[in-house]
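Peer 1: Same order as they appear, the protein sequences are chains A and B.
Here the first sequence stands for residues 1 to 230, numbered as in the working numbering.
Here the second sequence stands for residues 1 to 465, numbered as in the working numbering.
Hints listed in this document are in silico derivations from the structure and should not be mistaken for laboratory results.
Virtual Cβ for every residue (Gly too), placed ideally from N, Cα, C.
Certain hints may be false.
To give an idea of the chain B side of the interface with chain A (calculated C-beta under 7 Å), a few residues [as the list claims (entries may be wrong)]:
{"id": "1", "residue": "Arg-22"}
{"id": "2", "residue": "Pro-53"}
{"id": "3", "residue": "Phe-54"}
{"id": "4", "residue": "Tyr-276"}
{"id": "5", "residue": "Val-391"}
{"id": "6", "residue": "Arg-394"}
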Amino acid sequence: MRTCLVDHVAPSVGRAARTVLERSGVEVVVPRGQTCCAQPAWSAGHPEQARPVARRTLRVFRGEDPVVVPSGSCAAMLRHGYPELFEGTPQQAEARELADRTVELTQLLARHGLRPRAAGRGSVTYHDSCHMLRLLGERESPRSAIAGVEGLELREMEGTEVCCGFGGTFSVGYPEVSGRLGEEKARNAAAADADELVACDLSCLLHIAGRARRTGIPLRVRHLAEVLAE
Amino acid sequence: MSASRRPVSYEDVTGTLRERARDALGDAQLGGNLKGSSSSWAAGRARVGREHPFAEMRERAREIRTGAVRDLPALLDRLQERVEAAGGTVYRAADGAAACDYVVGLARERDARLVAKSKSMATEEIKLNEALEAADLEVVETDLGEWIIQLAKHHPSHIIAPAVHLNRTQVAELFAQEAGASVPDEREALVAHARRRLREVFAAADIGVSGVNLAVADTGTICVVENEGNGRLVTALPRVHVAVMGMERVVADWDDAAHILQLLPMAAIGDDAAGYVNLLTGPRREGESDGPEELHLVIVDGGRSALRGTEFEEILNCIRCGACLYSCPMWRTVGGQAYGSPYSGPIGAVLTPLLEGPSSQSATELPYFSSLCGACHEACPVGIPLHDLLVKARGRVADRRPPAERLGIRVWSALWRTRVGYALTRGAARAGLRLIGRRGWVGRLPGPGSGWTSQRDLPTRWPPR
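Sequences are here, hints too, so could you generate the full structure?
Peer 2: Laid out in structure tokens, this is it:
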């Protein structure tokens, strides 16, 4: 699954995720007609508007193959949000079945011991995005993916598990508070003295990078998939 | 009244949550105070996590609380029977107004003039101080933090650390105003001053009002947990003790109570024990040398029983430790004052709208003041899925949100449920970014994008350079 944000503003992240998987020996199919996991409407409290969009996702990803998502947040929506969103509807069983097959990109690599043989150098610092960390419960797989790149060093930042303040609609509903948290995250990331900041969620990265630039904090960011695809 | 004046008195909570949050961001002093207290809590919690099987303790606590809420009517009946058997009086109040009327009526009957209080969120919720003061009684908070915010006329900014938003210079100013003489802004001098002033209150008070951390149905025992000893004096010295509890504070027996009492200070202050745990069963008995002549237990419903059996039922499991506040990035950034209600942080953002009703301003604002990061759930010692409840609380008021937002979501849903609609927005986004983003960044977007660019630039090429 490409995810809507990647599709709209950073298609290169989707291509990188594909490269990572193919180099790891995985056959990749990107089903046509996919749109969005529907999390924006779901978390804003509009399940009835989220459902038709999520039904498309259910349809598009029918089958038995694992569904790999280069986003901890969208993966968490499929894994934890869908069973609840479709509870008591005709799609209930299908939603649960899709939830069981869904996995975030680095999780797939870790679970199957896959090595994309990336040519890395220098250093990165990793931001634990909230849904990756607390909904998927995943702290290790991105770190082991980074450790698997020879010549690449992970430099942990202070407060790596603290929210960056993006929060979907929160980022525009309470932009000042969101901005302050983004700035703190950017400062911590810059202070880690790594070459760049990486994460498994493009949404956080857009927010942190945008806030860093606005407040004059020198920071380079990339999606972890892009680093692994080098 | 100016929305930019800080800190905000509860008498003039004005403007929107966003405005109050923005004001709080401008207060560097506040930011420093919050950062300091949250970090020391986090260090304590980390230690507790290393030294105790916190995950198992949490699971057991969740079972205890879920069971208590399930059996609530029977437990309350039993509690009432046991309190009365021990010589106490029980009043079940349907709402805050009824509870206040009862306490005011009692104070009048006993010819009371001075009421000493120990810390209680339930009385903050039902606005008991205002009711007593309106009946010409003098009310003095004796918990140090509560006394400070009483002098400042602030809402508590934290469930267990109500004055955490103020520093000692600000406290010294408040004390000086009250005393009519200057008070040095040193920790020991401030505490000594408070002790001297409050001792007079304990000795002279006609009625002591306390909260209740837990009530044990089996024995009719009220547990009051505190760190300053003021709770012991408030519940022992005055002739009449009134204990006010939200109806869900009850647990079945001492096995359950002991577990929660052990977990509470761990979650709340990152410590193995609280300073004082007062266990009170009935008023003074024949032959006892201390304790009040009368004990009145006021059990407040205030909208709680209506939550049983709903998707929000788990909020009744809360033990009021305040851990979700310290863990919350939003609370840590703006403090509890900005929430404009007694309960702040994640628990407040869920609970306040439920208690105040879906048409209140809090209901349409508070649940949205969260990035849904889930740190609150992680911190909660009884495992309440606060981030899920926040989403559900949003759902409850979704039709009261601004028309532009509702229209936006409907249009989004109509477009993205079809391939063509989705291709349209994707094409527009990519073309738009190419068009405006020659230098790789956009600093200002029109319309719906302006919320984004008010605080951040948008990279038009990825990865951004």
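Peer 1: Tell me, in ascending order, the numbers of any earlier hints that this structure violates.
Peer 2: 2, 3, 4
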